[in-house]
Amino acid sequence: MLLEIKNLKVKYGNIEALHGISFTVDQGEIVTLIGANGAGKTTTLNTITRVPPPEGPKVWEGDILYKGQSILSMEPHEVVQKLKIALAPEGRHIFGNLSVEENLKLATYARTDEAKIQEDYKLVYRLFPRLYERRKQRSESLSGGEQQMLAVGRAIMTGANFLLLDEPSMGLAPLLMYEMFKALKELNQKEGMTILLIEQNAKLALEFAHRGYVLDTGEIVLSGSSQELLNSPEVKKAYLGG
Amino acid sequence: MRKLTVPLLVIGLFALLIGLAYYDKIDLYTQSVLMFMGINIIFGSSLNIVNGYMGEFSCGHAGFMAVGAYVSSILSVLFFAQDRVFGAPLLPPQYAIYGFPIIVIIAFIAAALAGLLVALPSFKTRGDYLAIITIAANYIIISTIINIDAIGGPRGFMGMKSVIFAMEDVVYLPWMLIWVYIFTILSIWAIYRFVNSTYGKGIVAIHQDEVAAEIMSVNTNKMKLVAFMFSSGLAGVAGALFAHVLGYINPNSFNILKSTEALVMVYLGGMGSLSGSILAAILFTFLLELLRPLQIIKWVVIPLLLIILMQFRPEGIMGNKELSDIFPRLKKFYQFK
Numbered sequence: 001m002l003l004e005i006k007n008l009k010v011k012y013g014n015i016e017a018l019h020g021i022s023f024t025v026d027q028g029e030i031v032t033l034i035g036a037n038g039a040g041k042t043t044t045l046n047t048i049t050r051v052p053p054p055e056g057p058k059v060w061e062g063d064i065l066y067k068g069q070s071i072l073s074m075e076p077h078e079v080v081q082k083l084k085i086a087l088a089p090e091g092r093h094i095f096g097n098l099s100v101e102e103n104l105k106l107a108t109y110a111r112t113d114e115a116k117i118q119e120d121y122k123l124v125y126r127l128f129p130r131l132y133e134r135r136k137q138r139s140e141s142l143s144g145g146e147q148q149m150l151a152v153g154r155a156i157m158t159g160a161n162f163l164l165l166d167e168p169s170m171g172l173a174p175l176l177m178y179e180m181f182k183a184l185k186e187l188n189q190k191e192g193m194t195i196l197l198i199e200q201n202a203k204l205a206l207e208f209a210h211r212g213y214v215l216d217t218g219e220i221v222l223s224g225s226s227q228e229l230l231n232s233p234e235v236k237k238a239y240l241g242g
Numbered sequence: 001m002r003k004l005t006v007p008l009l010v011i012g013l014f015a016l017l018i019g020l021a022y023y024d025k026i027d028l029y030t031q032s033v034l035m036f037m038g039i040n041i042i043f044g045s046s047l048n049i050v051n052g053y054m055g056e057f058s059c060g061h062a063g064f065m066a067v068g069a070y071v072s073s074i075l076s077v078l079f080f081a082q083d084r085v086f087g088a089p090l091l092p093p094q095y096a097i098y099g100f101p102i103i104v105i106i107a108f109i110a111a112a113l114a115g116l117l118v119a120l121p122s123f124k125t126r127g128d129y130l131a132i133i134t135i136a137a138n139y140i141i142i143s144t145i146i147n148i149d150a151i152g153g154p155r156g157f158m159g160m161k162s163v164i165f166a167m168e169d170v171v172y173l174p175w176m177l178i179w180v181y182i183f184t185i186l187s188i189w190a191i192y193r194f195v196n197s198t199y200g201k202g203i204v205a206i207h208q209d210e211v212a213a214e215i216m217s218v219n220t221n222k223m224k225l226v227a228f229m230f231s232s233g234l235a236g237v238a239g240a241l242f243a244h245v246l247g248y249i250n251p252n253s254f255n256i257l258k259s260t261e262a263l264v265m266v267y268l269g270g271m272g273s274l275s276g277s278i279l280a281a282i283l284f285t286f287l288l289e290l291l292r293p294l295q296i297i298k299w300v301v302i303p304l305l306l307i308i309l310m311q312f313r314p315e316g317i318m319g320n321k322e323l324s325d326i327f328p329r330l331k332k333f334y335q336f337k
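Residue numbers (this note's numbering), protein chains in the order written: chain A, 1 to 242; chain B, 1 to 337.
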């Protein structure tokens, strides 16, 4: 088991956002967490990447194991650097007044494997040719979809082999959304990248992932393979509109 | 060739300046203004690391300058000068030429350590809180010095001039002018390399988005400490030079008003612009001299100018751009790295 979330309870101040959720992600898998607004999806990802309070959530109970080791005592930069888990955060959090290239370069901040870095640049530019076209442009002048690509590209550039993606389809036009998921699929199949994806667009996410979990107000209510979930009446009713 | 333009230009200007001073082509007054200009360049651009590039708000920069000034003065008097309190010099005064740069480096280290002491408790705070903590630190440092009678307390400390005279006895050169500009050039080079390195880009990332910096594997806590220590250490260098140029220091020369001068230079030049800080330091030094006849009224005029600047150009003279961004043609003539 690569990543194991065990009975995780998380609070923001006094408000409990996750009421004890458990799920697992295996090496090379694409797993998706789907759920409505406020279900606790982003909280889950921020907890895994250890984003600190005050912005970040506080773990109340439970544990997060990566390759069998608890990661709760780690700092966010250690999670990226040592465990190679990278987050493409909600709202993108790109560095607006740096160029696309500089954003990507900054992601290699803690890396020393020069040859692999060059390969990763090529990989990112192959997956997202638009980023290559705009590599000299200030990143705040990119369109929303391109910024999202940059956020994902930046996560790849950290040298991660495990990506946490927070709503990569948010604010994307259908065509860009398709491009994005095609790139992610390729990343998973060719590079063996493990992906944990959270999405509001349940249909899209389930068609793309191998397995899924349905999160509802801080609890996991349903789990199974993507096919099972797509066919389950509850999911159909709640998220797929009939 | 392009690589060498800037170093050659700098060395040429440096040699010209020393030559003019050596053959008495520029008088002592002009020399002292030029020296304060160099010190202001170090003082202002070092604060720009924290306030400009990192986007925090430190306003006790003069406190670290005081640490550097006092540490270096005490050491140089102790080692190279006859003094009422410290007695005979520990080393023959003619070694002062070699000793002085080492003393300035020790001043850097001492001020950086003082910076560490201030930065540690303010670790988790940002913005306004850091401002309050640094103001408090500025006061603590000054009060500490005032209450140590051995180094003169409120009367101040002197005797550094005889160290400079000792250098001039060995080789007759305008030594302080040389030291000031050597350290100015070194400081600017160090800041330039720091903020343009991948490592230093970490502070730019912190400025923009601390959470994003953290998930991009920047150790934000450590980076803030390093930047703060680097900045306060350079303030210490400015202090050491200041003390030796004047030959006399007094705790009250490093009060909040002095810190404000550094802030004025940073905001006048533009936050996050090294060339802006240098330009602002030069302008500010000249402005102070030009307005000298106005005496106390100058402290009405200068804040007024600052208010006008904030109204009409809140990003400062250069914004966060460098000279080469505004005049791209300059890039033809030089190339760094």
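Don't read these hints as lab results, they were simulated from the structure. Accuracy of the hints is not assured; some may be wrong.
With a straight-line cut-off of 25 angstroms between C-alpha atoms, the simulated PhoX-like cross-links for lysine-lysine are [stated by the list, open to error]:
1. B:321 - A:84
2. A:84 - A:116
3. A:122 - A:105
4. A:84 - A:105
5. A:237 - A:203
6. A:116 - A:105
7. A:136 - A:116
8. B:222 - A:58
9. B:222 - A:82
10. A:84 - A:182
11. A:203 - A:84
12. A:116 - A:82
13. B:222 - A:136
14. A:236 - A:185
15. A:9 - A:122
16. B:298 - A:105
17. A:84 - A:122
18. B:222 - A:105
Derived DEER-like restraints, expressed as beta-carbon distance ranges [unchecked claim]:
19. B:300 - A:129: 53 to 61 angstroms
20. A:69 - B:13: 57 to 65 angstroms
21. B:6 - A:133: 28 to 36 angstroms
22. B:128 - A:78: 24 to 32 angstroms
23. A:190 - B:197: 32 to 40 angstroms
Sample of chain B residues facing chain A (criterion: CB under 10 angstroms; computed from the structure) [as the list claims (entries may be wrong)]:
24. 162
25. 168
26. 205
27. 215
28. 221
29. 311
30. 313
31. 315
Ideal placement from N, C-alpha and C gives every residue a C-beta, glycine not left out.
We went through each hint and held it up to the structure:
Distance restraint check for residue 321 (chain B) and residue 84 (chain A): the Cα-Cα separation of roughly 34 angstroms exceeds the 25 angstroms cut-off, and the hinted pair is therefore not satisfied. At roughly 14 angstroms between alpha-carbon atoms, residue 84 (chain A) and residue 116 (chain A) fall within 25 angstroms of each other, so this suggested pair holds. Distance hint between residue 122 (chain A) and residue 105 (chain A) is fulfilled; the C-alpha atoms sit about 13 angstroms from each other, no more than 25 angstroms. For the suggested pair residue 84 (chain A) and residue 105 (chain A), the alpha carbons sit about 16 angstroms apart, so the restraint of at most 25 angstroms is met.
Proximity of residue 237 (chain A) to residue 203 (chain A) is assessed by CA-CA distance (about 12 angstroms); at most 25 angstroms being required, the pair is judged to hold. At most 25 angstroms may separate the alpha-carbon atoms for a hinted pair to count; residue 116 (chain A) and residue 105 (chain A) meet this at roughly 13 angstroms. For the suggested pair residue 136 (chain A) and residue 116 (chain A), the alpha carbons sit about 22 angstroms apart, so the restraint of at most 25 angstroms is met. Between residue 222 (chain B) and residue 58 (chain A) the alpha-carbon distance is near 22 angstroms, which keeps this suggested pair within the 25 angstroms criterion.
Between residue 222 (chain B) and residue 82 (chain A), the direct Cα distance comes to roughly 17 angstroms. Compliance with the 25 angstroms bound is thereby established for this hinted pair. Restraint check for residue 84 (chain A) and residue 182 (chain A): satisfied, since their Cα atoms lie roughly 23 angstroms apart, inside the 25 angstroms limit. The straight-line distance between the Cα atoms of residue 203 (chain A) and residue 84 (chain A) is roughly 29 angstroms, outside the 25 angstroms bound, and the hint therefore fails. Distance check on the hinted pair: residue 116 (chain A) and residue 82 (chain A) sit about 16 angstroms apart at the alpha-carbon level, within 25 angstroms; holds.
Annotation: proposed proximity of residue 222 (chain B) to residue 136 (chain A) is violated, straight-line Cα distance about 30 angstroms (limit 25 angstroms). The straight-line distance between the Cα atoms of residue 236 (chain A) and residue 185 (chain A) is roughly 24 angstroms, inside the 25 angstroms bound, and the hint therefore holds. This hinted pair does not check out: residue 9 (chain A) and residue 122 (chain A) have alpha carbons roughly 40 angstroms apart, beyond 25 angstroms. At roughly 47 angstroms between alpha-carbon atoms, residue 298 (chain B) and residue 105 (chain A) are farther apart than 25 angstroms, so this suggested pair is violated.
Distance restraint check for residue 84 (chain A) and residue 122 (chain A): the Cα-Cα separation of roughly 19 angstroms lies within the 25 angstroms cut-off, and the hinted pair is therefore satisfied. For the hint pairing residue 222 (chain B) with residue 105 (chain A), the CA-to-CA distance comes to about 20 angstroms; that is within 25 angstroms, so the pair holds. As the Cβ distance of residue 300 (chain B) to residue 129 (chain A) is approximately 59 angstroms, the hint placing it in 53 to 61 angstroms holds. A hinted range of 57 to 65 angstroms for the beta carbons of residue 69 (chain A) and residue 13 (chain B) is consistent with their spacing of about 58 angstroms.
At roughly 33 angstroms, the beta-carbon separation of residue 6 (chain B) and residue 133 (chain A) lies within the given 28 to 36 angstroms, and the hint holds. Range check, residue 128 (chain B) to residue 78 (chain A): about 29 angstroms between beta-carbon atoms, so the 24 to 32 angstroms window is met. For the pair residue 190 (chain A) and residue 197 (chain B), the supplied restraint of 32 to 40 angstroms holds, since their beta-carbon distance comes to about 33 angstroms. A hinted interface residue such as residue 162 (chain B) counts as satisfied when its beta carbon comes closer than 10 angstroms to some beta carbon of chain A; here the least separation is about 49 angstroms, so the hint is violated.
Checking residue 168 (chain B) against chain A by beta carbon gives a least distance of about 48 angstroms; that is not within 10 angstroms, so the hint is violated. Satisfaction of the interface hint for residue 205 (chain B) is found here, the shortest Cβ-Cβ separation to chain A being roughly 6 angstroms, below the 10 angstroms cut-off. For residue 215 (chain B), the interface hint holds, the least distance from its beta-carbon to any beta-carbon of chain A being 5 angstroms, beneath 10 angstroms. The beta carbon of residue 221 (chain B) comes within 8 angstroms of a beta carbon in chain A, closer than 10 angstroms, and the hint placing it at the interface holds.
Taken as an interface hint, residue 311 (chain B) does not check out: its beta carbon lies about 23 angstroms from the nearest beta carbon of chain A, beyond 10 angstroms. A distance limit of 10 angstroms between C-beta atoms decides the matter here; for residue 313 (chain B) the minimum to chain A is near 18 angstroms, and the interface restraint is violated. Because the closest C-beta pair between residue 315 (chain B) and chain A is about 12 angstroms apart, greater than 10 angstroms, the hint is violated.
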